[in-house]
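Below are the chains, spelled out letter by letter.
There are 2 protein chains.
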Amino acid sequence: MITISGTTVKTIIKESLLREQVDPTAAEHVAEGLVSTSLRGVNSHGIRLIHHYLAALKAGRINPKPRYKVERRLPTVAVLDADDTFGHAAGMEAARLAIEMAGEYGSGNVAVKNSTHYGAAAYFALEIAAHDMIGTSYTHADSLIIPTNSKRSFLGNNPVCFAAPVAGEGPFCLDMATSLITFNEVRRLREINGTTPEGVGADKDGKPTTNPHEITMLLPVGGHKGYGLSLMVEILCSTLTGMPFGPHISKMFVDLEKKRHLGHFVGAMSIDGFGDAGAFKLRLRQMLDELRAEPSLDPAKPVMVAGDPEKKAFAIRSQDGIPVTEQELAQFQALNTTYGIGAAL
Amino acid sequence: MITISGTTVKTIIKESLLREQVDPTAAEHVAEGLVSTSLRGVNSHGIRLIHHYLAALKAGRINPKPRYKVERRLPTVAVLDADDTFGHAAGMEAARLAIEMAGEYGSGNVAVKNSTHYGAAAYFALEIAAHDMIGTSYTHADSLIIPTNSKRSFLGNNPVCFAAPVAGEGPFCLDMATSLITFNEVRRLREINGTTPEGVGADKDGKPTTNPHEITMLLPVGGHKGYGLSLMVEILCSTLTGMPFGPHISKMFVDLEKKRHLGHFVGAMSIDGFGDAGAFKLRLRQMLDELRAEPSLDPAKPVMVAGDPEKKAFAIRSQDGIPVTEQELAQFQALNTTYGIGAAL
Numbered sequence: 076m077i078t079i080s081g082t083t084v085k086t087i088i089k090e091s092l093l094r095e096q097v098d099p100t101a102a103e104h105v106a107e108g109l110v111s112t113s114l115r116g117v118n119s120h121g122i123r124l125i126h127h128y129l130a131a132l133k134a135g136r137i138n139p140k141p142r143y144k145v146e147r148r149l150p151t152v153a154v155l156d157a158d159d160t161f162g163h164a165a166g167m168e169a170a171r172l173a174i175e176m177a178g179e180y181g182s183g184n185v186a187v188k189n190s191t192h193y194g195a196a197a198y199f200a201l202e203i204a205a206h207d208m209i210g211t212s213y214t215h216a217d218s219l220i221i222p223t224n225s226k227r228s229f230l231g232n233n234p235v236c237f238a239a240p241v242a243g244e245g246p247f248c249l250d251m252a253t254s255l256i257t258f259n260e261v262r263r264l265r266e267i268n269g270t271t272p273e274g275v276g277a278d279k280d281g282k283p284t285t286n287p288h289e290i291t292m293l294l295p296v297g298g299h300k301g302y303g304l305s306l307m308v309e310i311l312c313s314t315l316t317g318m319p320f321g322p323h324i325s326k327m328f329v330d331l332e333k334k335r336h337l338g339h340f341v342g343a344m345s346i347d348g349f350g351d352a353g354a355f356k357l358r359l360r361q362m363l364d365e366l367r368a369e370p371s372l373d374p375a376k377p378v379m380v381a382g383d384p385e386k387k388a389f390a391i392r393s394q395d396g397i398p399v400t401e402q403e404l405a406q407f408q409a410l411n412t413t414y415g416i417g418a419a420l
Numbered sequence: 076m077i078t079i080s081g082t083t084v085k086t087i088i089k090e091s092l093l094r095e096q097v098d099p100t101a102a103e104h105v106a107e108g109l110v111s112t113s114l115r116g117v118n119s120h121g122i123r124l125i126h127h128y129l130a131a132l133k134a135g136r137i138n139p140k141p142r143y144k145v146e147r148r149l150p151t152v153a154v155l156d157a158d159d160t161f162g163h164a165a166g167m168e169a170a171r172l173a174i175e176m177a178g179e180y181g182s183g184n185v186a187v188k189n190s191t192h193y194g195a196a197a198y199f200a201l202e203i204a205a206h207d208m209i210g211t212s213y214t215h216a217d218s219l220i221i222p223t224n225s226k227r228s229f230l231g232n233n234p235v236c237f238a239a240p241v242a243g244e245g246p247f248c249l250d251m252a253t254s255l256i257t258f259n260e261v262r263r264l265r266e267i268n269g270t271t272p273e274g275v276g277a278d279k280d281g282k283p284t285t286n287p288h289e290i291t292m293l294l295p296v297g298g299h300k301g302y303g304l305s306l307m308v309e310i311l312c313s314t315l316t317g318m319p320f321g322p323h324i325s326k327m328f329v330d331l332e333k334k335r336h337l338g339h340f341v342g343a344m345s346i347d348g349f350g351d352a353g354a355f356k357l358r359l360r361q362m363l364d365e366l367r368a369e370p371s372l373d374p375a376k377p378v379m380v381a382g383d384p385e386k387k388a389f390a391i392r393s394q395d396g397i398p399v400t401e402q403e404l405a406q407f408q409a410l411n412t413t414y415g416i417g418a419a420l
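Note that the protein sequences, when read in sequence, are chains A and B.
The first sequence maps to residues 76 to 420 in the working numbering.
The second sequence maps to residues 76 to 420 in the working numbering.
It is worth saying that the hints were derived from the structure and are not from the lab.
Fair warning: there could be bad hints in the mix.
Heads up, the list lumps identical chains together, so a pair's fine if it works in one copy or across two of them.
[Unchecked claim] Think about it this way: if two alpha-carbon atoms lie no more than 20 Å apart in a straight line, the pair counts; the simulated EDC-like pairs of lysine to aspartate or glutamate are: (1) Lys85 with Glu103; (2) Lys144 with Asp159; (3) Lys386 with Glu244; (4) Lys85 with Asp98; (5) Lys133 with Glu401; (6) Lys144 with Asp347; (7) Lys333 with Asp159; (8) Lys133 with Glu332; (9) Lys226 with Glu369; (10) Lys282 with Glu369.
Put together the whole structure using the sequences plus the hints.
Here's what the structure looks like:
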């Protein structure tokens with residue numbers, strides 16, 4: 076297995092962005108967001124995305140030097156105009172503001188408009204949880220999920236993310252898309268000629284199928300419940316901000332010169348505002364440990380809680396590096412050479 | 076079909092509570108909460124619960140005359156000690172406070188402790204949405220759902236509820252339990268010797284089964300995703316408040332003299348704080364109407380949005396009354412007689 080160290084790949088990503096005249100704070104957030112996500116084992120939203128971001132930057136979709144505008148009519152709610160910069164940078168600016176609001180007033184809620192792809196929702200919620208706050212993070216995305224009873228996709232695979240700090244370990248973190256499996260997983264099943272579980276995908280006519288080669292759209296997790304959650308996220312990200320919704324959102328991987336006008340939403344709540352944060356973290360640890368000690372149906376599959384697989388991956392990958400394919404390694408070597416970064420790969 | 080008018084049954088419920096020396100505001104919230112829920116078609120959380128509540132009141136579980144205590148360390152977060160009163164009354168007191176906070180500061184978040192069953196989560200979120208705010212409402216419940224990979228239940232069927240106002244119609248309202256179907260539905264399938272869908276329930280050993288007679292526990296909707304959402308709700312309702320969690324929560328229908336120590340959580344966000352609420356409501360209406368106009372797989376099943384079935388039920392039941400069984404009618408007649416209420420049944 077080929078691996079690449081988190082430190083090295085972060086240097087390559089950040090320096091590549093700086094060479095393209097990206098604002099240093101934005102470059103740091105993109106690099107840190109992508110690398111921490113890969114270290115947590117979430118390959119789909121990690122370092123592999125940098126090549127797409129660089130292409131979108133060069134094509135003019137992404138603004139390298141944003142001038143944020145904040146409209147804050149009341150102390151704990153605001154709209155951040157991201158000026159078409161990187162979603163990672165915009166989301167982190169929103170998280171920073173939400174944390175500041177929550178520190179002073181108990182809670183903070185920031186809707187982001189005119190943004191681009193922000194990567195993993197967890198990056199922002201985890202930052203908030205690191206401040207002893209409860210963090211939420213949502214983004215909408217282009218159309219992929221079929222509403223219940225419909226024959227075509229409308230909403231995106233909009234994620235719901237919630238994080239809270241725990242005594243003696245990393246935060247609890249639920250970061251879930253509103254489909255049962257991702258489209259990346261469908262692609263992987265195509266490659267191995269596998270089948271998807273029932274109720275996961277549908278063909279071009281909206282008919283459910285387990286053949287990954289026929290799947291062009293995804294079904295919402297839990298039927299109308301996943302559809303409802305996806306709509307909740309859409310309301311927070313586009314109805315609140317005036318951004319386009321569902322089928323009106325431009326596609327991520329086509330027309331790279333086109334602005335995306337994406338919306339996100341992040342929220343922070345001070346735990347100390349409700350009571351002692353230390354006591355909260357101990358109580359949460361106790362509940363999570365009780366859950367982990369529950370008897371499992373299959374001894375090989377212990378009971379876990381949301382975020383446990385990512386914590387395990389983080390422990391391993393921080394030591395051993397991030398697994399990459401030969402092709403992925405070559406792409407990072409190319410950045411290292413092209414920009415004369417000189418990282419030891 | 077026997078029906079009972081919403082107005083009549085509300086009178087009977089409220090007057091019964093008043094005769095039992097319940098605080099008038101609390102009695103109003105219990106009556107309004109139960110009747111509006113039945114009018115919205117949610118039979119499981121509607122008027123049928125009054126008989127249980129009256130029994131729990133007489134047994135000493137529920138405090139008829141609460142003295143609420145609010146601890147508010149920061150302007151937009153608070154803990155409301157419900158003094159063991161009716162959950163409907165406590166939840167409405169929390170919603171009132173959250174709305175007041177959100178009006179002044181943009182958002183408000185109230186965790187409730189020492190409460191009892193609060194009925195349908197939507198009652199509180201809809202009240203918030205009626206103030207042109209985005210409302211959220213959560214409660215935990217006693218253990219019923221099996222964590223992924225486990226062989227026994229731990230968390231309750233904790234609901235997630237989100238409501239937002241819409242131009243020209245009632246609010247959008249997602250109110251979803253974190254199982255695919257309710258235990259009431261399992262009971263109904265037992266009566267008709269039906270089978271449940273796959274992935275809904277498990278037997279006493281935690282093994283998944285489609286035989287409703289064998290089902291003693293429910294599986295989370297969407298596997299680990301429903302489990303994660305349920306855990307998120309548990310954190311907001313018990314970790315934040317210090318109330319017991321999951322298996323430590325006393326059962327609803329046994330030991331009626333025992334206090335329940337339940338927690339809830341309600342949140343409000345001012346839409347005007349983000350931009351013009353009127354424009355928001357028009358945008359949301361446009362999106363919902365576009366969804367409703369989507370082509371459906373089966374013409375008999377149009378595409379709907381969360382809350383549409385409840386809106387339909389409300390329109391019908393407000394005219395024709397709430398359907399009840401003969402036995403249910405007799406129970407309300409008994410209250411009418413016992414308490415000398417004199418409602419025309």
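Checked hints:
Only within a single protomer do Lys85 and Glu103 lie at most 20 Å apart by alpha-carbon distance; the minimum there is 9 Å, versus 60 Å between protomers. Proximity of Lys144 and Asp159 under a CA criterion of 20 Å is satisfied intra-copy only: 11 Å inside one chain copy versus 47 Å between copies. For a Cα distance limit of 20 Å, the shortest separation of Lys386 from Glu244 inside one copy, 9 Å, qualifies, whereas the shortest one across copies, 45 Å, does not. Proximity of Lys85 and Asp98 under a CA criterion of 20 Å is satisfied intra-copy only: 16 Å inside one chain copy versus 62 Å between copies.
For the homomeric pair Lys133 and Glu401, neither the shortest alpha-carbon distance inside one copy (25 Å) nor that between copies (72 Å) is at most 20 Å. In this homomeric assembly, Lys144 and Asp347 come within 20 Å of each other (Cα to Cα) only across copies, at 18 Å, whereas the closest approach inside a single copy is 30 Å. Taking CA atoms no more than 20 Å apart as the test, Lys333 paired with Asp159 passes inside one copy only; the shortest distance there is 10 Å, against 57 Å between copies. Taking the closest pair of Cα atoms, Lys133 and Glu332 come within 20 Å of each other only inside a single copy of the chain (8 Å); across copies the shortest separation is 69 Å, beyond that limit.
With identical chains, the CA atoms of Lys226 and Glu369 are at most 20 Å apart between copies only, with a shortest distance of 8 Å across copies and 41 Å within one. Within a single copy, Lys282 and Glu369 get their C-alpha atoms only as close as 39 Å, which misses the 20 Å cut-off; across copies the closest is 15 Å, which meets it.
Violated hint for the displayed structure: number 5, the only one.
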